[in-house]
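K.L.:
Chains as they are written, first to last, in the working numbering: chain L, 1 to 308; chain X, 1 to 544; chain B, 1 to 350.
If you are wondering where the hints come from, they were derived from the structure by calculation, not from laboratory data.
There may be inaccurate statements among the hints.
[Said to hold, decoys possible] Pairs of lysine-lysine, DSSO-like flavour, derived with a Cα cap of 27 Å:
#1 X:Lys-62 - X:Lys-245
#2 B:Lys-194 - X:Lys-158
#3 X:Lys-518 - B:Lys-194
#4 X:Lys-244 - X:Lys-140
#5 B:Lys-82 - X:Lys-435
#6 B:Lys-213 - X:Lys-189
#7 X:Lys-247 - X:Lys-132
#8 X:Lys-132 - X:Lys-158
#9 B:Lys-112 - X:Lys-226
#10 X:Lys-435 - B:Lys-112
#11 X:Lys-247 - X:Lys-524
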Amino acid sequence: MSGMSGMSGMSSVEAVSAAQPVQPVQQPASVLRQALRLRRTQFGLAIMALLMLVAVFGRYFAPFGEVQVVGDGLPNERHAAGTLFGSDYFGSDVWSRFLYGGRPILIQAFFATLLGVGLGSTLGMLAAYRRGRFDEILMRSLDVLLSFPQLLLSLVVIAMFSPSALVVIFTVGLTTMPRVARVIRGAALQVTERDFVAAADALGESRLRVLFSEILPNVSAALLVEANLRLTYSIGLIASLGFLGFTPDLSAASWGVMIQQNRSALTFQPWGVLLPVFAIALLTIGTGFFADGIGRTVAGIDRGKADA
Amino acid sequence: MDRLPPQGNVTLMDNNDTENTENTGITRRQLIKGVGLVTVSSGLIAGLPLTSVGAATAKAKKGGTLRIGVVGSTNDIIDGQAIVAKADQARLMTGWETLMTFDGNFAPQLAYGLAESVTVLSTTKAVVKLRKGLKFSNGKAVTADDVVYSWQRLLDPKLALPTYKAATEFYDPAMIKKIAPLTVEFTMKKPTIGFEATLAAYVNSVVPVGYTREGPQVGTGPYKLKSFTPGRESTHVRNPYYWKKGKPVFDTVIIQDFGDKTALVNALLSGQIDAAVDVPLTSIPQIQSNPALTINEVNGGGWLCITMQTDVKPFDDPRVRQALRLIIDRQEILTRALGGHGEVANDLFGRIDPLYNVNKFPQRTQDIAKAVVLLNAAGFTKEKPLEFDLAAPDDTGGLIPLAQAFAEHAKKTDGVVKVTAKAMDATYWDTTYAKVGIFTSFWSPRSYLAQIGTAAGYGETNLEKTNKAYNDLYVQASGEPDLAKRTALIKQMQKIEFEEGGFIIPCFNAFADGYVTKLKGVVKGRASSLNMDFYGRGFQEFSF
Amino acid sequence: MTEPVDCPHLRLLCSSVRSSGRLDRKPRLVRLPLVKFVARRLLLGVATLFVVSVLIFVLTKAMRGDTASIVLGREATPEALKELRSQFGLDRPIVTQYTSWISGVVTGDLGKSFTTRASVWSSLSSRVSSSLFLLLCAGIVSIPLSLACGSYAALHRDKRFDTWSSFVLLAVAALPEFVVGAFLVIVFATTVTKLLPATFYLSPDEPPWANMKGIVLPVVTLAISVLPYVARVTRAAVVEVLESDYVEMARLKGMPERTVLWRHALPNAVGPIFQVIALNLAYLAGGVIVVEWLFNYPGIGSALNDAVRARDLPVVQFLALSIAAVYVVTNLLADIGTVLATPRLRTRLT
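With the rest of the complex left out, here is chain L (with noise of 0.2 Å):
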């Protein structure tokens, strides 16, 4: 997912709002009203819905523990005693290990991305609303950034601390900062050229206070879609992080680790691998179809306006 994300490019060239000319403002709550009534996102909801229970509370159903040895010890094993999908590289059970692994990934995820995008939105309207050369150094330095790809970026950051929940959420998040900051500040500058901005500025607001209460409540659907597109984008990142080792606490289960854990068995005793596999592949399915669905309602919102 490194490069996907990597690929709002660096241009010289302005890039111009993702909501096209001045549109009103729409309410988070109603776009996601709106957006549910499409398929995708309902299909999107449902799954990823499924996949954060599994993640989630899946640990308190678990058979084993997440250490606990199964059977008679022996790692690998297909069908080892007692246990539904057999043992893994370490003689633990793997159907256990899956349902323990989710969690940490859709928890650095989520604070992942709530740091990329509270910092990458903040910049990105600060750009927007200050203009110049604020603008100018600002978006350049952001440029910069965007020439790595974001694992690239990931895995030398991560190289500097001890790999931590907390440094990776800290790297995953920096390395989404500038990506959205790019687009929550093309869909400021439509805002800031408004009446009511130039009206608040007018009347001597504060700055904090005008890109808070005047702009953010204008860019909050843009955001809504970022927010979600960047969560997809972390959970892969994440995980490939954890598949390269890369990854907190490698006694933890998690689901990227666990691959590369027990890929030397896969042909033996493939679960180790397919279980996360299809995890990772169906949580990021379902937030990218989530996250699809209200792009769209936001763009269909925006064209209506636009065309009309």
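Following the hints, put chains X and B in place on chain L, whose structure we already have.
P.N.:
Just chains X and B, lined up with the frame of chain L:
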């Protein structure tokens, strides 16, 4: 071979870094760093005839190419006297030879070695005479100067070759002198019975004067390096100046790197390579099910361990150390981590030493109740638990699962011991290893005394610093040529070791190689500190 | 209908195409004459690369762990550490280290690898070409396919192909490469069938095309990961062009649909296609890291992973700079190519 009469004091030093720690699939690269001295009883060695050299393959057809697969990475090196990873080991063996070698009982022998004779004059003096007419792969004659240079290089602290930490206690380059064109005299800094073993350690090879890692890669081995692409493969061609008639058999040996064990096994199964070095023990059934392939499993005597520093609180309390030794479930770790391949250990090292567990201590098993009693006595309770992190590096297979399993076992103390297993990257060796009170480590097979000297060189357990009686015994035993007397000393040492030592040793690993059945020259099951039966002595013993 | 959310290039193009009849709201750039535009763009690219190089240097220097200690590992002695630091030049002031590195890069001397002590270029050149070949193959497979897929869907909007392809592409778009790759390995190389090798093997003196069977899965993995996005972008671009005023005008003039399409619509989508290809390449440059590691492909991605672990700074720095450079240069070329290929933009430059 000249040696001291009956009570001849022979030490083996074996740098055989046979790390057979993989089995877990966690790491795709195993760092094998560790060196040591193996002491074998001189009586045993003296009684053994020298192994006859390579008669089995006399009729082998010459020519052809042998393809060997190893797990390697772009960080691989070629150095006649050093390795970083397993892949380097195979490459070293193609091109360089030592003065003596080990036989299948870990006893030093002259066969395959460059020395014509080794005369141990005392525990501090020995004379080595080179075979006549030896030549390096560039045609230059091998002389005493090359031997002196080789030892200067081995003992150069600036190069930090694997020999340095293990051997610097006994050897000083200034005390190794040429006394005739082909004769070198070694004078030791302090008495050692391990001279011959030191000569036989595979990294202590002879390199030409001026040799550096940057090249040119010149040695006396059966093959000379033609090309090397780290992380990909190396090609070795017949050394035209090789001293043994009719050897080697293959024209070319190709050593190919694979990113991980999965890829290695796949390549063997699909016929891409003729032999796979160090296959995961868990893949043995899969390989054996193919009639064209054979497995050679060897109980190597290498081990993974949890090391407690006897000079760091709270591990300075022998009760704490004993308690933690009672918490671990050794059989479970052997089964889970090695698929049962290997054998349960008893917190004593030196498995290949005839004096291993000479007191016949009973097998120590998990005893949580007893552990808790000891911990309570040491002041640790549920309310005031013993809490620590147990770190393990991700570049050495098996250590992370060991830490994980130990943390899991500690849970059975119901909160008296709380262990957090922590995975680290290569910075572990710099920041944590031997710098905290408890950590994970691994060792190659060595004799009992050699292991103590080596572990001390790396700063593990520090028992010789905290226990004066133990240290006195060690110094005495190291310089004691008489086997019976030495055995008595070692008995006392092992008692201290067993009752208050700093190592938690769960098991000794086996290791396995897979190869095409038509490959001749591997003596199956013969003890070897190196894979592929000492890599067929630089692949010269192999043929189809 | 699909409004790609994070593609500024496309938005720019669509908006410039769409707003062709109106006054451009952001005319600053496009009013520059062509030469000036290219010069400015080049200058900006060089400046970006410079800042990128500083950033790479600072980040790699900030990696945890003393390089010399990691190289020496358990065998480290104080003397050897000192020796190695001076050999690697790590004992010099950091600014000196940077200037000597960057002047080396400019003059083609990339220094020596810390682990193998061989010159970085000699040990990586074959990996660079292997990776480029992998990129090329993935590009050859995915670009035409995604362009065709996207245009076909756009031309037949809301028909069955459009609906289904958008559904499938959307599902695949979100999958991480290693999940796609692992799935392909399960299906084609291990558990289900054994049609293709699970890992890639190549002898060092062979070019990567010597093992076309082995390259199939890595290429397909990369292609699958890229295709959905590029196809969606292409579809949106073509839809935008088809909806534009002048296509409408041409239709109103009564031109046959075929002429409208080939003479008016598609030429105007060439601009976006440049951007799409740039995106594609830049994306693939990042995607190779995981894919090469997965398939044991001897390219720069797997070397990068090894080098980060071993703190082989010269190798990490060179590889990171190369990957960033691919990104910057493809974007640069795409921007220039877009302007040259889009008649409307070109004329407006003067």
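K.L.:
The structure should be examined with respect to each hint, and the outcome stated for every one.
P.N.:
Hints and how they fare:
1. X:Lys-62 - X:Lys-245: holds (12 Å)
2. B:Lys-194 - X:Lys-158: With a Cα-Cα distance of about 51 Å, the restraint between Lys-194 of chain B and Lys-158 of chain X is violated, given a limit of 27 Å.
3. X:Lys-518 - B:Lys-194: The given pair, whose Cα atoms are some 25 Å apart, holds under the 27 Å limit.
4. X:Lys-244 - X:Lys-140: Holds. Lys-244 of chain X to Lys-140 of chain X sits at ~16 Å (cutoff 27 Å).
5. B:Lys-82 - X:Lys-435: Roughly 20 Å separates the two Cα atoms, so the pair holds.
6. B:Lys-213 - X:Lys-189: violated (60 Å)
7. X:Lys-247 - X:Lys-132: holds (17 Å)
8. X:Lys-132 - X:Lys-158: violated (32 Å)
9. B:Lys-112 - X:Lys-226: Holds: Lys-112 of chain B and Lys-226 of chain X sit about 21 Å apart, inside 27 Å.
10. X:Lys-435 - B:Lys-112: Distance of about 31 Å is beyond 27 Å: violated.
11. X:Lys-247 - X:Lys-524: With a Cα-Cα distance of about 21 Å, the restraint between Lys-247 of chain X and Lys-524 of chain X holds, given a limit of 27 Å.
The earlier numbered hints that this structure contradicts are 2, 6, 8 and 10.
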